[in-house]
Amino acid sequence: MNLLFRIAVYVPVLFLIAVVVVGQHHDNLQDTLRSAVARTVRWAVWTAVLVACMLALALVIGW
Amino acid sequence: MVTKDGIDPAKGLGWGPFLMGFVPGLLQFQLGQKARAAAAFLSCTALFFAGWVVVGERLFYWGLSNPDDSGSVASTLSRFGLAVLPEVLNLPGNLVGALLAFDGSPEGLRLERMPRDFEHICGFLTAASGMLAAFWAAQAHWELRLRRDLRPAEGESRPAPTADPALCAALSWLVPGLGHARAGQKDKGVAMGIAVLVVFALGLLVSSGHAVDRANYMVWWIGQNLFGGGSLFAALVTGPMQSAGTPIDLDLGIVLCTVAGLMNLVVMCDAYTVAERSVFPVATGAANAAAGKEAGA
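As given, the protein sequences belong to chains A and B, one line each in that order.
So that you can map any letter, position 20 of the first sequence is 20 in this note's numbering, and since no number is skipped, the others follow by simple counting.
So that you can map any letter, position 169 of the second sequence is 169 in this note's numbering, and since no number is skipped, the others follow by simple counting.
It is possible that some hints are incorrect.
Here are a few chain A residues that sit away from chain B, every Cβ distance over 12 Å (derived from the structure) [stated by the list, open to error]: (1) Trp46; (2) Val49; (3) Leu50; (4) Gly62.
Derived CB-CB ranges, DEER-like [said to hold, decoys possible]: (5) A:Leu57 to B:Ser243: 36 to 46 Å; (6) A:Asn28 to B:Gly108: 48 to 58 Å; (7) A:His25 to B:Ala201: 24 to 34 Å; (8) B:Ala46 to A:Cys53: 50 to 60 Å; (9) B:Gly184 to A:Leu4: 57 to 67 Å; (10) A:Asn28 to B:Ala201: 21 to 31 Å; (11) A:Trp46 to B:Asp103: 49 to 59 Å; (12) A:Arg34 to B:Lys34: 45 to 55 Å; (13) A:Leu50 to B:Ile248: 23 to 33 Å; (14) A:Arg34 to B:Gly14: 38 to 48 Å; (15) A:Val49 to B:Pro159: 39 to 49 Å; (16) A:Arg34 to B:Gly71: 51 to 61 Å; (17) B:Lys186 to A:Ala38: 18 to 28 Å; (18) A:Trp46 to B:Ala39: 43 to 53 Å.
Sample of chain B residues lacking proximity to chain A, with all beta carbon distances greater than 10 Å (derived) [unchecked claim]: (19) Gly12; (20) Trp15; (21) Leu42; (22) Leu64; (23) Asn66; (24) Ser105; (25) Phe118; (26) Arg148; (27) Asp149; (28) Ala191; (29) Asn216; (30) Leu232; (31) Ala244.
None of these hints come from the bench; they were simulated from the model.
Computed from a prediction, not measured in an experiment: that's the story for all the values here.
Glycine included, C-beta positions come from ideal geometry on N, C-alpha and C.
Looking at chain A on its own, in the form it has when it is part of the complex (with noise of 0.2 Å):
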């Protein structure tokens, strides 16, 4: 339960993270979403694949 709460909190804390990030590079507010929508989809696969080249390390190693 905590870890699904946890993971709730992850996606939209990291497209708030991606707004203030992305924000740098625009002047209007529709831009800015538009870039941090895009950059929370890019970081959340990159999440995923670390995840998962984790989990298949603890299962080489046997962890």
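Since the structure of chain A is provided, determine the placement of chain B on it from the hints.
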């Protein structure tokens, strides 16, 4: 990246102005702004000592390292208060405070560890003096930058920025996004401000208000204090709250509040840049490429 006038904004002002920025008002004095220099020095010193009278030697305990008998570099730096962030940005006040408060005896070391009344708000005040010193230094750097890079043609007046960049950064420290609003990007400022506020509030919520506490999580607090309004709220409201037990998501709350502080650092820098670009607009891609070729040749 260069500006439309071919100026490279990344070109700094050198070590001299950087180091002088640690003494509030010194750069303004050098610029010939004596009244402003006095205001900078007095505001930072008054803010520091308003908090110092209560926290005193507690600042050593909140430092990145503690003064001890080892004689190491870290210990020596701590002895003079140089390991306390962000107070170290107000160097003279912090140095005098450290010299007055240091007591190497066992009794002095015991006092460092003793919580005291109103330490949350007073710890915020001493930290705010460091942040204020940084904003005064940023203001002077902006003036130096204008004198170095802005040379209007004969008969032309010097263009004024939409807002003072250092003021925009300072406003964003207190209320994320307010600096953008002042610099002319209100809607983007609102979005960035809400982002910082939500992450910070979420951190406080999941930790039952205990995530922002200088007395217990001093290293994390350095990051959290980059959102001044949030850490002020925590110092006044949530910091003094008694803890019945450790909240289950305390670690998550501490990380979220620190992330919010770091996000606000980006917001502050961007607010400064938005105001800066009203005087030094960024060049197009072609001009940048030409400048790059010139630099390479």
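Just to be sure I understand the hint, the distance between the Cβ atoms of A:Leu57 and B:Ser243 should be within 36 to 46 Å; is that true here?
holds (38 Å)
Is 50 to 60 Å a correct range for the gap between the Cβ atoms of B:Ala46 and A:Cys53?
holds (54 Å)
Verify this label for me: A:Leu50 is non-interface relative to chain B, using a Cβ-Cβ cutoff of 12 Å.
Per Cβ check, A:Leu50 is outside 12 Å of chain B; nearest 17 Å; holds.
A:Val49 non-interfacial with respect to chain B [C-beta, more than 12 Å]
holds (21 Å)
For A:Gly62, which was marked as not at the interface, is the minimum beta-carbon distance to chain B over 12 Å?
holds (28 Å)
Can we confirm that no CB of chain A comes within 10 Å of the CB of B:Phe118?
Non-interface label stands for B:Phe118: nearest chain A Cβ at 33 Å, farther than 10 Å.
May I ask you to check that B:Arg148 keeps its beta-carbon over 10 Å from the closest beta-carbon of chain A?
holds (24 Å)
Lying within 21 to 31 Å: is that true of the beta-carbon distance A:Asn28 to B:Ala201?
For A:Asn28 and B:Ala201 the Cβ distance comes to about 25 Å; the hint holds.
Distance restraint hint 48 to 58 Å, applied to the beta-carbon atoms of A:Asn28 and B:Gly108:
Once the Cβ atoms are compared, 56 Å apart, the range 48 to 58 Å for B:Gly108 and A:Asn28 holds.
Examine each Cβ of chain A, and state whether all of them lie more than 10 Å from the Cβ of B:Gly12.
holds (20 Å)
Assertion that B:Leu232 lies farther than 10 Å from chain A (Cβ):
Given a closest Cβ separation of 20 Å, the condition holds.
Would you say B:Trp15 is clear of chain A, with no C-beta pair closer than or equal to 10 Å?
holds (27 Å)
When each numbered hint is compared with the structure, violations occur for hints 9, 28.
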